[in-house]
Structure formats: C-alpha cells, structure tokens
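J.: Take the two lone chains, each set in its own frame, and fit them into one complex as the hints suggest.
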Amino acid sequence: MHTKVITLKSVSKTYLQGKTSIPALSNITLTISGGEFIAIMGASGSGKSTLLHVIAGLTNPTTGEVSLFGKDIHHMNDNQLTLFRREHVGFIFQSFNLLPTMTALENVALPLLIGRKKLRDVRSQAEAMLEIVDLKSRQHHRPDELSGGQQQRVAIARALINQAPLLLADEPTGNLDSKTGEDILLLMRELASNQNRTIVMVTHDPKAAAYADKIITLSDGQIIEELSPLSTQSPTLS
Amino acid sequence: MSVKHALLGILNESPKHGYDLKRAFDDKLGDLWSLNVGQIYTTLERLHGEGLVEYDTVEQSDKPDKKVYRITPTGKDVFETWRISPLKVEPRSLRDELFIKLVFMGSSDAEPILTLIQAQYSAYMAQMMVLTNRKFHIEQEAKVALTKSTTTDDKHRIEREKVIKMALLDVAIFHAEADIRWLRQCEVRIKELYFKS
Ligand SMILES: Nc1ncnc2c1ncn2[C@@H]1O[C@H](COP(=O)(O)OP(=O)(O)OP(=O)(O)O)[C@@H](O)[C@H]1O
Ligand SMILES: [Mg+2]
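First to last, the protein sequences are chains A and B.
What the first sequence shows, in numbering that gives the first Met the number 0, is residues 0 to 237, in sequence order.
What the second sequence shows, in numbering that gives the first Met the number 0, is residues 0 to 196, in sequence order.
If we strip away everything but chain B, and leave its shape as in the complex, we get (with noise of 0.2 Å):
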C-alpha cells in the first residue's frame, strides 16, 4: 500500500502537522491500516527530499517548534497522476506465504496441511465478520446522521462518506472471499490427492 500517496492526498485537502495528519490519517483509512506516527515521520522526510511536500516551523511556548507540512505544485502533479492511474497487476496468489507453505507439504501425511488450511480458513472468515459487523456499523451510524441532517449538501456529505467507508471495507471483504475459496479448493484438491482410494 501506498502511505506516501496517502499522505499526499490529505495534505492536498489542508496543511498539517504530524500528529493531525495520522488523525486524518487513521479517519479515512484506519479501519484497515494501521499506521504509527514514526512511519509518518519517515515518510514525511521522505516526501519532503523529493520535493513533494515543504514545511513552515511553528513556534509553540510550552512545547517544541512543531513542523506544518503543505503540499508542493510538484507534490499535487504526484498525487493526481498517482490517483487516475491504474495499479500493475501483480500475481498476488504466488506470493502468498501459505502458498509456499503448501509447497513444502509432506507427501506422506495430509492431515498437518488440512489442519492448517482450516485453521487459516477460520481466520480469514472471523476477519470477515468483523469487517462485515464494521460496514453494519457503519450502515447504522449513517442513517441516524441522515435523520438528523437538514441540508441536501449534508445529506450527499454523509453518504459520499459513507460510500467511501464500505468500499474500503468491500474491497477487504472480497479478498478475504477469494482467499476462502482458495482454500477450500486447496482443501479438496489434498483431500482427493491423499483420500482418493
């Protein structure tokens, strides 16, 4: 995943300092990424040594100078490229560290590689519940922000935000889908490699 072009994208909205931006951060994004304000920083400096961001210090009188980090012409023409473009495709499957696991299967006993898959497969379906219970969550909390806003720009406000929220978690669901169903097919296929008579 791209921190960097996270990072880019809330400066385009406003400046910030560190500490707003992984607020804003974990806001849009924190249901399914979780960052620490170190990799803020780093990225930051990074940002900043490409030109992409530059920074104005604040004097505080009870603290330490703070940095306001903003967004550079430069940094916007990143960022929009960055946000219409498509992602490579990547052989996702191949990389995947069960799949090497599955490689170094024994060829005598199938039973520690079933236990695995099914413990793995409950994994990924108690993740999927969560991630289902958060979109009902979510579902809900709209819906009483619905009723109570006034304005038509509210209204289209709450479910533009709402939509974004869902699709985050949609795009979590679905991979965890495809994951269950390739394990269940790795499941048959062993079962018929070991079981077949």
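Chain A extracted, bound-state conformation (with noise of 0.2 Å):
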C-alpha cells in the first residue's frame, strides 16, 4: 500500500535564457506514496508545472534525482522513457495539449493508438471516458469545436484511459463551472482513496487544493509549506 511513487532528491532546474539564468526549481526533495493526492499551491512562476514536467520526466533537472516507482527516469533514454510514462502516468497538461485535427474521441483513445491498438478495438473504452466527464454527445467534434471547459474534460478523459497508476494534473479544473469542477475532483479523490492510484495535481484553488491529503506550497521555486488536516476529528465552528 505504502510503495513510494515519487522520490526526488535535491532536484533544482535552471533555466537557461540567453545569458540570464532562471532558477524554476531549487533543492527540492520530496516523497510521495501509492495512494496519496497531493495538491501543489504557489503564485505563477513558482515553479509548479517545471516541478510536475521533472517528475513526469519531460523536463531533465539540471542536477538531482527523481525516480518513479523505484525507476531512475532521467536515466532511461528516450524510448524506455516513453514505453515507461505511457504504462505509469497519465497526464493533464495546463494547455491542454489535444490534437487539433483529431476528433474528442480520438484525443481521449490516443494512448491507447500509441499503444498500436486499432481505434475500432478501443472505441468503447473511450466512449466510456468520455461518459465520465460528461461530454458523449461531443465526441466527434474537434477541439476547435469545443469550449475550453470541454477541451479540458477532453485532457483529463484522456489522461484516465490508460489507467495509470499515477496522475499528474496541472490546474486540472481551471476552466470549470464549480460543480463540473466539484465531480472531477470528488473523481480523483475516489481514484486515489478507493483504487490506490497516486495524483499530484497544481492548483491556484484552495478549494480544489482542499480535495488532497496533503497541500505543498512552493515559492521561488522551493517547498515553504507541507499542509495536512490537523486531525480527523469532526471540525466545530463556534
């Protein structure tokens, strides 16, 4: 139950623009189980995407280690890594990423095509995503046919397909309603308490972040805060 899923060790990232250097990440090291949802908090440009992009390994930390489930991931080369993510993690981008000349339905089932399986043969699947995020009647429009709350229920449909057994999302429900928001979250709560599965999602929401286990707060690139729930006792308003 208690597998640790992230490790990172004095993992720092600079960014290098020209001949000016941008600390995104510093000294951060950090652990996180099997069946943890974690919400990561900071003001824009604390380093919150840079931290989730070293974790799930498309950005190198410029020194440091991360592993994955017991994995050196910055080791692998480029085909391992791939092979490695595809199986591990799912992924909701802040931009979202969707393919723009594919259809809501082939956006949702792409890691499953990457995995050379025939649309037909996972059609149903994504159809059933699909359903979970409430957008069935929409699946054979195109993102640029879709709204942006869409679009993002488009990116989270697709990062649950492959049933990962780690979630990385990046202001997962930034473009919802509170209630469309409200069910994607009480989603990932049950994926990570009922199915094990371990999330680290950015959020600028405090009631979205409110959703995890444990809230961390990065400024300038570090860790300043690690929040829980003081106790599990009912709380009391006086």
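No lab work stands behind these hints, which were simulated from the structure alone.
Please note: incorrect hints may appear among the correct ones.
[Stated by the list, open to error] With the C-beta cut set under 8 Å, the calculated list includes, among others, these residues of chain B facing chain A:
#1 A125
#2 M127
#3 M128
#4 E176
Where a beta carbon is used, it is the ideal one built from N, C-alpha and C, also for glycine.
T.: Written out as structure tokens, the structure is:
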C-alpha cells in the first residue's frame, strides 16, 4: 500500500535564457507514496509546472535525482522513458495539448492508439471515459469546436484512459464551473482513496486543493510549506 | 447562530426529550456546530418561558422523571416565519478578531504580522481540508446507500439528506475560502507597504 511512487532528491532546475539563468526549482526533496493525493500550490512562476514536468520526465533536472516507482527515470533513454510513461503516468497539461485534427473521441483514445491498438478496438473504452466527463454527445467534435472547459474535460478523459497508477494534473479544474469541477475532484479523490492511484495536482484554487491529503506550497522554486489536516476528528465552528 | 430556531425546527418534526433533541441536533448539524446538553436545556427553558414549547412529564420506574417537549402553535408560527425570512446583513469582517490584531500592527516590523497571517492561513486551509474530506465521505456514503435502496422514495430521501449536508459544508468551505483570500490580500498589501523600496 505505502510504496514510494515518487522520490525527488535535492532536485534543482535552472533554465538558461541567453546569458541569464532562471532558477525554477531549487533543492526540492520530496517523497510521495502510493494512493496519496497531493496538491501543489504557489504563486504564478513559483515552479509548479516545472516540478510536474520534472516528475513526469518531460524535463530533466539540472541537478538531483528523480525516481518513479523505484526507477531512475532521468537515466532512461527516450524509448524506455516513453514506454515507461505510457504505462505508468497520465498527464493533464495546463494547456490541454489536444491534437487539433483529431476528434474528442480520438484524442481520448490516443494513449491507447500509440500503443498500436486500433480505434475500433478501443472505441467503447474511449466512449466510457467521455461519459465520465459528461461529453459523450461531443465525441465527434474537434478541439476548436469545443469550449475551453470541454477541451479540459477531454484532456482529463485522455489522462485517465490508460488507468495509469500515477496521475499528474496541471490546473485540471481551472476552466470548469464549480459543479463540473467538483465532480472531477471527487472522481480524483475516489481514484486515490479507493483505487490506490497516486495523484499530484497543481492548482491555484484553495477549494480544489482541499480535496488532497496534503498541500505542498512552492515559493521561488522552494517548498515553503507541507500541510495536512490537523486531525481526523470532525470540525467544529463555534 | 440560532440554537433557538434549530431546536424549534427539530421539535416541529416530533416531540422529544432533552437527550433525543441533542441526538437529532447532532445528526442534522453536528458536523459544523457542537452543542452541549447544558446549552440545550437552557435554550429549552427560554423557549418554554416564551411560550414556544411546552412539555409533558413522563414517569420512569428506575430513573428520574423526564420532560418530553413539544412545539406550541405560537412556536410553529415563530419557526415558520423565521424559516423563510432572509438574514440581517452584518459587516462580518469588521468584527473579525484578526482584523483587530491587524489594527494594532506595529509600525516598524512586518514579520510578526506576516507570520500570524501565514499561521492563520494554514489553520483555515487545514480546516477546509477536513470539511472537504467530510464532503467526500458523505458523497461515498450516499452512493452506497443509493445502491442498496429500492424505492424511489428512499432514493429521494437519500439525495435530499445529502444535499442538506453538502449545503452546510459548502457554506463553511466558502467562508473559509473568503478568509483565505482576504488573508492573501492582506499579505500582499503589507508586503507592499514594508518591502517596497
Ligand atoms: N522553458 C522555459 N525556459 C525558460 N524559463 C522557463 C521555462 N519554463 C518555465 N520557465 C520559468 O521558470 C519559472 C517557473 O515556471 P513554471 O511554469 O514552473 O511556473 P508555475 O508555478 O507553473 O506558474 P503558473 O502558475 O503561472 O503556471 C518561471 O519564472 C518561468 O518563467
Ligand atoms: Mg504552470
């Protein structure tokens, strides 16, 4: 149950922009266990997306070590990493990253299609995912024919379809109205609590972050706070 | 908060003695509001004095007699009127204890007040996590109950009870959110005041 899913040891990331260097992450050490739901908060530019990308192996850290499920991902070659990610990680990007020429259904099915499966074999699975995010009626629309919140929900369905044990989500509810957002958050909470899936979610919204087991706050690329509920007893307002 | 009206509302459903009243109160509102038996009896005495409730004394063989309270017609009127009246709007933040601390903020050093704001933020955020966790469990319990229920009446009752519990938690969460936003805003203003070169 309490396997270590994510381990970061003294991770720093510095971007070079011409001659200036931008320290996006400095000296992050962090362990996240199986079934934990973690929220990452912090001001714009504090390094949240960078942290998520480093965890996913989409960006290499400048120094430090990252391992996922006990594997040192930044020393895998591109092929190994792609295969490993496909099996272990679902990613919801801040900018959705949907393929513009594909329909909602095809976008959702994409992680399975990359695994060389045929669309007709995975269609029902993709439809079921679209059903979960309440978008079945839009399955044949292309991204430019969908609203921002609908595109976001397609991205969520796509991240969930391969049933990856680790879900990384960058502002997954940012464009959603409060009821739709709440449904997605309850779903994520359920995946973590009932299916032992590990979730790391970036958010600016305290209400969304409150669904997590722990809130990690970043400031200038450093962890400044790790917060869990004070106790398990029921709260009392006087 | 109005203990008086909550108790009237419970007695409006059926007569109860003090201890049953507390149990019904905890069941409906206990997630957010803890009330001791003493407060219940004081309130009942007051309601009795105002003619809003009356009681029968029931003899018990092995224990002292107990009073079973029921709502009077006047009590029903008062409750019904209260139930549909909007609240008086009061300027909440002006009574906020933290605001009073802010008023006495030193003029030389920002650190103590920034530390206080951060600690207060963490407390509200932690409370929001506890409340949200309750919401998740209510959602899960309702799901389980719905799969077990057979009649439409049953299903509707489960959904209705869920909606009431959720509404109560939502309002507490939205208040915590307002406090959190206010704290963040204060923090930005104070940093600007002290650290602007
Ligand atoms: N590819 C890049 N090249 C250069 N600098 C970058 C790059 N990506 C991010 N940065 C810089 O690194 C810092 C952290 O960026 P990051 O995207 O992680 O912030 P964030 O916390 O996700 O912010 P937001 O809430 O606005 O999404 C910023 O100062 C940003 O300008
Ligand atoms: Mg970002």
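J.: Once the shortest beta carbon distance from E176 of chain B to chain A is found, is it less than 8 Å?
T.: holds, 6 Å
J.: Go through the hint on M128 of chain B and say holds or violated, using the shortest Cβ distance to chain A against 8 Å.
T.: This interface hint holds because 4 Å falls under the 8 Å limit.
J.: With a cut-off of 8 Å on the beta carbons, see whether M127 of chain B makes it to chain A.
T.: holds, 4 Å
J.: Does A125 of chain B hold up as a contact with chain A if the rule is Cβ-Cβ below 8 Å?
T.: holds, 5 Å
In this structure, none of the earlier numbered hints is contradicted; all agree with it.
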